[in-house]
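J.: Chain by chain, the residues:
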Amino acid sequence: MRILLVEDDRPLAQAVLGHLQAKQFSVDWAESLQQARALVAVTHYSAVLLDLNLPDGEGLQLLPALASTAAAQESRPTVIVVTARDQVSDRIRGLDAGADDYLVKPYDPEELLARLRAVERRRGAQSSSTVTRGEVQIDLAREVVRNGMVPVVLTPKEWALLRVLASRPGQTFTRERLLEALYQWDGASDSNTLEVFISRLRRKLGSDLIETVRGTGYRLMAQ
Amino acid sequence: MNRTRPPARAQSLAQHLSRTLILAVVAVWLVSTGLVAWFVDRQIQHNFDVELVESTHRQLYPALLDLKLVRRADSAGAYVAVDERGEPLEPQVTGEVPGDYREEPLLLQLRDAQGGVLLRSPAAPGAPFAAPLQAGFFDTPEYRVYSLFDAPHRVWLQLADPLEERNEASERTLLGLVAVLLVMLPVLAWLIHWIARRELHSVRRLQQQITARSGSNLQALDLAHMPQELRAVGDGVNQLLGRLGEALNVERSLAANAAHELRTPLAQVRLRLHTALDQAQFHHNSPGATDGCVPETEVRAALQSLETLSHRTERLLQLSRAEGADLAHFGRVNLVQLAEQVAQSFWQQPQAQKRLDWLAPDTDTPVWVQGDIDGLAIVLRNLIDNALHHTDAQVELEVQPGERPALVVRDHGRGLTAAQLEQIQLRHARIGSQHIGYGLGMSIVRTLADKHGAELVFSSPPAGCAQGLEVRLVFPAAAG
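Chain order of the listed sequences is A and B. Under numbering that gives the first Met the number 0, read the first sequence as residues 0 to 222, first letter to last. Under numbering that gives the first Met the number 0, read the second sequence as residues 0 to 479, first letter to last.
Hints were generated in silico from the structure; no laboratory data involved. Quick caveat, the model's predicted, so the values are computed rather than measured. Glycine is no exception: its CB is placed at the ideal position from the N, C-alpha and C atoms. Take these hints with a grain of salt, some might be off.
Unchecked claim - Examples of chain B residues lying across from chain A (beta carbon under 7 Å, computed): (1) Q208; (2) A258; (3) H259; (4) R262; (5) T263; (6) A266; (7) Q267; (8) L270; (9) R271; (10) E339; (11) W346; (12) Q352; (13) W357; (14) I372; (15) D373; (16) A376.
Said to hold, decoys possible - Ranges between beta-carbon positions, derived for each pair: (17) P168/A / H259/B: 40 to 50 Å; (18) T192/A / Q369/B: 28 to 38 Å; (19) T192/A / Q466/B: 13 to 23 Å; (20) E110/A / R203/B: 53 to 63 Å; (21) S213/B / T131/A: 49 to 59 Å; (22) R120/A / K353/B: 16 to 26 Å; (23) G463/B / D55/A: 55 to 65 Å; (24) G205/A / Q336/B: 15 to 25 Å.
Hey, can you work out the whole structure from these sequences and the hints?
T.: Here's what the structure looks like:
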């Protein structure tokens, strides 16, 4: 998996390079927006680690370049903003601009690795990872849900449930199977908990998206 | 308990000014009235004297005519008040003289060269005035007498003014002046007080403007329509506010720069230590390859120290930001969006992913409050951090809409004892010193809550729960 690191702080960039390369990732490094633009134009990256404070502009300015090159390539890389700005307003701005994730320095390197491995795993497993039902768009690869283009925030448990349902749209999943998905998050989950989470998902994504199959379980509405 | 006595109520400037002015004006008026009374008295005496002299000259000829009718002059042409035998003659009374019909009739005596009274007006005494026969004025205990000598007939004409009459005139004048003083003084006092209050309105306006200034409101004072003296004071205050604002801005930008300058090297050291840890583990698992490698325990200890340093640095940066939170930068904050963003940042941490629940409200309606979104995020992060660090149980994050919306962080851990609960409500409370930055965290939360006018409510156990701790940040009701 090829990663682009956009970071102007040399010692930090070298530390990241050293760490990721030791973990067998292939990493290119750009010190500025200009260098980053040049690299994404000729290379396809699975993920971009993007600093916001760059000498020739703000990191988010790279996002349009990534979108324009994505059409010619397989898909747009996953963008993880890695910045010292910890304010919620910056985070909202970054995610609104199209970043997929947001890590605040000094982050736990294990956290960064977990994200990159998730990107790797999803890319390997899913060829077509987006499920669209009406206004709702579920991007399983990026773990992003949009309802009428508005991003919807799901809790990890809601995601665990939706991931199972969206993995095979139209197929009915038993309550036991769904509870099992929840169980990995919360050992104390019971059948009432399942109802609560299904209800929350319906509230956030529309009441028609998840159908109740009487006596059996639930399913994501068929095409 | 050390209680300071409340300061004595300060006197109002308007009252002080009007009192001083009134006292000064009364003093000046009294002196002026005294001088006026003295001058008027002199003038009255002068007028009386002039009138007396004129009357004497006017009465001389009629008196001589009256005398010719009743007396014959001697061979030398002089009139005397004795007969041929030297016996005194009764003084003759004149006919009607001017003023007879008045309360103060004319007092006139025509006397011979020896002092005997030849003729007198009806109101004049029969005995001669106690004034010597010499031209001009003379004051007796009762009268002021003017004497005029008629050389051809060798007689003296004396006219007398009762002194009492003159004194009464002076007293009447003085009384009039004092009466005016007494009537006008209260009017003047009221007028001075009213003017002082009106003119000091600018001072009050300036004072109200200065009172409205605070750490979060350093707007320059409006000095339009201010008098020159106050404008100088206001300019001074504005300069001070400007310098204070600059100092605060420097402090804020310092905090923002410090955040960037500190976090980047911390991230670098953390990565380096993780890489070193990987290598140490690799060498540990490869016997005979330990040369030149730092032991794993040392790296772990360094990482632990770095965690502590990062945590404290973070807290100090938050505290700096909390204290610099500025009302001027407050805006509308949707608590639901805020809670979702903060929850998402926690879900990125593997240890928090399974333990933090976000209980979204039943409706999609935003819950708006007035505040600083980044400051409120710091509050939430601290409350959630505390809950995650001090318990192993589930932690719930909730937004409660309503007239007074609230952010709620609830855990189902052991909770606090009654004594701890009481202690944590106090300012600068700190429960146990083993938890790094706990007290500082609460101090940050309190500072930011205060800046938002929000109330921190602690409940242990939360209502309807067997155990745990609930912290509610209750916002004030929206104005209007």
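J.: Now look at each hint and say whether the structure bears it out.
T.: A quick look at each hint next to the structure:
no.: 1; hint: Q208; result: violated (32 Å)
no.: 2; hint: A258; result: holds (6 Å)
no.: 3; hint: H259; result: holds (4 Å)
no.: 4; hint: R262; result: holds (4 Å)
no.: 5; hint: T263; result: holds (5 Å)
no.: 6; hint: A266; result: holds (4 Å)
no.: 7; hint: Q267; result: holds (4 Å)
no.: 8; hint: L270; result: holds (4 Å)
no.: 9; hint: R271; result: holds (5 Å)
no.: 10; hint: E339; result: holds (4 Å)
no.: 11; hint: W346; result: holds (5 Å)
no.: 12; hint: Q352; result: holds (5 Å)
no.: 13; hint: W357; result: holds (5 Å)
no.: 14; hint: I372; result: holds (5 Å)
no.: 15; hint: D373; result: holds (4 Å)
no.: 16; hint: A376; result: holds (4 Å)
no.: 17; hint: P168/A / H259/B: 40 to 50 Å; result: holds (45 Å)
no.: 18; hint: T192/A / Q369/B: 28 to 38 Å; result: holds (36 Å)
no.: 19; hint: T192/A / Q466/B: 13 to 23 Å; result: holds (20 Å)
no.: 20; hint: E110/A / R203/B: 53 to 63 Å; result: holds (59 Å)
no.: 21; hint: S213/B / T131/A: 49 to 59 Å; result: holds (53 Å)
no.: 22; hint: R120/A / K353/B: 16 to 26 Å; result: holds (19 Å)
no.: 23; hint: G463/B / D55/A: 55 to 65 Å; result: holds (56 Å)
no.: 24; hint: G205/A / Q336/B: 15 to 25 Å; result: holds (20 Å)
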